[in-house]
Amino acid sequence: MAGEDAMLMERIHTCAAAAPGGHYAQAVGYQGMLFISGQLPVRADGSHSADQSFDVQASIALDNLLAILAQANCQPGDLLKVTVYIVGIEHWPELDKRYARCLGEHRPARAVVPVPALHHGYLIEIDAIARHPRSCS
Amino acid sequence: MAGEDAMLMERIHTCAAAAPGGHYAQAVGYQGMLFISGQLPVRADGSHSADQSFDVQASIALDNLLAILAQANCQPGDLLKVTVYIVGIEHWPELDKRYARCLGEHRPARAVVPVPALHHGYLIEIDAIARHPRSCS
Amino acid sequence: MAGEDAMLMERIHTCAAAAPGGHYAQAVGYQGMLFISGQLPVRADGSHSADQSFDVQASIALDNLLAILAQANCQPGDLLKVTVYIVGIEHWPELDKRYARCLGEHRPARAVVPVPALHHGYLIEIDAIARHPRSCS
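Protein chains in written order, with the numbering used here: chain A, 3 to 139; chain B, 3 to 139; chain C, 3 to 139.
Keep in mind that the hints are not guaranteed to be accurate.
Unchecked claim - Partial list, computed: chain C residues near chain B (C-beta under 10 Å):
1) Met11
2) Arg13
3) Ile14
4) Val30
5) Ile38
6) Ser39
7) Val115
Everything labelled a hint here was simulated from the structure, so no lab data went into it.
The beta carbon of each residue, even a glycine, is placed where N, CA and C say it ideally should be.
Generate the whole structure from the sequences, applying the supplied hints.
Laid out in structure tokens, this is it:
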């Protein structure tokens, strides 16, 4: 563990998820864990969806999350902790339903955090920590 | 570390804390760390407390956190990072006092994050990352 | 990894960053990772900056973060995941610019989380998880 290999950081990038809109990587792997940046409902092709329903926005944000996981050789079942930032706590039930459909049987730790607004007028942003065998020393 | 054992994920569940109200586990252990879901002031028996004072709500949320830690064979002294979401920054001093009484000498890293609202009208939600020897490979 | 050494937690403290204003440590190191508490734009000498511009406040919060990293024998390039809480999503572009100048080439995972208010009337708070070789077993 204390060797230099243990210290390697891996930057993840995939065109199958929205490109970073600022100074961040889509995800960083280190020592068996993957840290995934906050994913907004920007489509992989860069088009926006802020005029769509909450459910559509949630789907797109989750699609970005899953695409980044896949690029890192991970699956939804590798998620350890997910934080979901939403505008409007009234979307909680809809979020939980869409989220469950997306993750299947796996139930990582989670926090749902209402916020007053999100970038570009979006209603949802999702970040996560996942198991990442590839960066395990 | 790179063996299969290192990759095991442990789901924590205890009846001494509020049952998950959605698609998440109370906590997930992995590779020496425990990821605890956002805990609201729902009592272990499922009864709600949104009509109670901030201090009572903080106590119940912290009780859930401690019960989950105990179930995972951990103690308050194992907490590494705590994030406290509160409605109303004016509750900060009250939170800090209750929190200190609950944690004792141990002072993990912490962020207090004001939010516009929380599920069921609550004033506080707490999630955490803790040291979890049991899942250590 | 399973030995007792692997379980050691290291508390970080430096006078080069704002002292903790409540029941928390500036940072805690454990098993190769450093958990840094939410940093407000309080200067290392304890003086406040809530009357300053967003950019000045962002600089001070980042200075605190970097000073804590340095105390832990880490560098900006060790940051894995940064969470930036801001009051006013309109500050996003200014934040990203200041943040990029501060971090240089390195782009950790990141989430920007708008909040309705922050302690002492501040406009920004930053917490982070970083690579921490010193606590690596």
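Q) Looking back at the hints listed earlier, which ones does the structure fail to meet? A) none
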